[in-house]
Amino acid sequence: MTRIVVIGAGPAGLAAAASAAQAGADVVIVDEGERVGGQFWRHHPAFTDPRLQHQLGRFAQLEAALAQVRVLSSASVWRVEAGTPLRVHALIGPVDAAQRQGETLEADAVVLATGAHDRVLPVPGWTLPGVTSAGAVQALAKRDGIALGTRTVVAGAGPFLLPVAQSVAILGGEVAEVVEAASVSTLLGGWGRRPWELTAAAGKAGELGSYLSTLLKHRTPYRLGSAVTRIHGTSGVEAVTVQRIDRDWRPIAGTERTVECDAVALGHGFTPRLEAAIQFGCEITSDRFVRVDGQQLTSVPGVHAAGEITGIGGADAALAEGAIAGLAAAGVPEADLRYRAPLSARRRMRAFAERLKTHSIRPGWTAWLDDDTIVCRCESTTRATIVEYAEASTRGMRLATRAGLGPCQGRTCGRSVEDIIGAPTGIDRRPVLSSVRIGELAAHRSPAAPHPIDGS
Amino acid sequence: MRVTISFDGQTLDGQDGQSIGGILLANGQRTWRTAAGAERGIFCGIGICQDCVVTVNGTEGVRACQRTACEGDVVEREARA
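Chains A and B are the protein sequences, given in the same order. Under this note's numbering, the first sequence has 9 at position 9, and the numbering climbs by one with no breaks. Under this note's numbering, the second sequence has 62 at position 62, and the numbering climbs by one with no breaks.
Hint data in this document are derived by calculation from the structure and do not stem from the laboratory. Beta carbons are placed, not taken as given, at the ideal position from N, Cα and C, and that holds for glycine. Possibly wrong hints are sitting among the right ones.
[To be verified] Derived Cβ-Cβ restraints for the label pairs, each shown as a range:
hint, chain 1, residue 1, chain 2, residue 2, range
1, B, M1, A, T255, 48 to 54 Å
2, B, E39, A, A423, 31 to 37 Å
3, B, G72, A, P45, 20 to 26 Å
4, A, D372, B, G28, 28 to 34 Å
5, A, A335, B, V74, 57 to 63 Å
6, A, Q295, B, G72, 32 to 38 Å
[Stated by the list, open to error] Just a sample of chain B residues kept apart from chain A, beta carbon distances all over 10 Å, derived:
hint, residue
7, T4
8, D8
9, Q10
10, V62
11, R77
Build the full structure now, drawing on both the sequences and the hints.
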């Protein structure tokens, strides 16, 4: 029986686990959350407002399919090894507890479905209390049933800002404005060209329509071609500057407006969580996603990838890719009819994914930074310090400025630092994949542990 | 079902299943950490940024946004230079 480990229990991972189990494989799904669902279906049975959730019918189907799957929740994967068998090392227990239980899983095939997190561009004032990622608003609304402020500005780029605004409204908060970087002409160029391709993604269009009608109902302004370029306040957020930006996201002088608010939700796009794929040795594309073939197989034998790490495409694309990856990992031959439905769904959703590029970050954003704007939140490293060492080697710059060397290991600032210095820094390569305590590493080295950390 | 945790010598009340960060926010605490002299609290909300870490029952560096509160948890502020 083929042993499969699926890493990540969001839409892609759940679909992979379900299709692999239905094909007769022996499946373990590993996820750091207490409940499966990932960010898209993040929930708590007692206090998630059902209006915050989408496609719950599909979620219920996938959960039911987990009856045949071993579900390892509250499990952080901290190391993976290529080879025969493939190995996945996890620590299981309460988040960041001191003595979590180590477990090493061996597999004939792995499906990586590690997803993505918000990319938030630094803005002067973004470390003030009350400023969060757009994803934080969603997570707190869904998981904890709470809103962060009474009057929120939602700003950044892409259609994901709309469900965030809707969540604020559902929890009774006011959305002062939604601020979108893409301009009207960019949007029409991106989304208006060949609109029939999007009608194929009808479910998605319906979802977008519901968000827009929420904005209309609350008379929330939706500002296009604009950005929050400064956040004001002393002990917390009091207001933001909203400013027009050009095609390259450079702020246009003289267009500044002040908008009062006590919370700001920022999301300028997404960063795929590539570290497990990189540690396996998977080939990464020039635009920094995991390269996969038609069967979602990576360049490493036995290792498949699905969802946002193969390209930002949303939950529907992730579900389709996950189902294909699960079948392929279970050894179902390419001509099998079970591929037909997910293959056609994946084709439809690629049009949507292509349109998302309309909202891609443009390099002019760095012009809204001040010299003393903190870029690396962990180490409080400013733009000026990073620029001062921009000519040094990547390693020299990081050691001198500490940017990207703090507890988050550059997950928050890494790509922004690259934009500022204009060169890649290799920030996605991380020897330890998740937060691990020294004591837990030491325990792993002990003779009782089956596979020491050095791989010997 | 309710849970109570202690923070800064106060007793805070939350719902069973909420995260420590969720209970702090629901009780009007916006920040619980200092970084280079500035106040920090929740930023990414999904366990990536490490901005919201607190000390829980003597263990440092626990992400408040991810850790489910347990009855009687003793939560303390952290500071980073």
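Tell me the hint numbers this structure goes against, listed in increasing order. The structure breaks hints 6 and 10; every other hint is satisfied.
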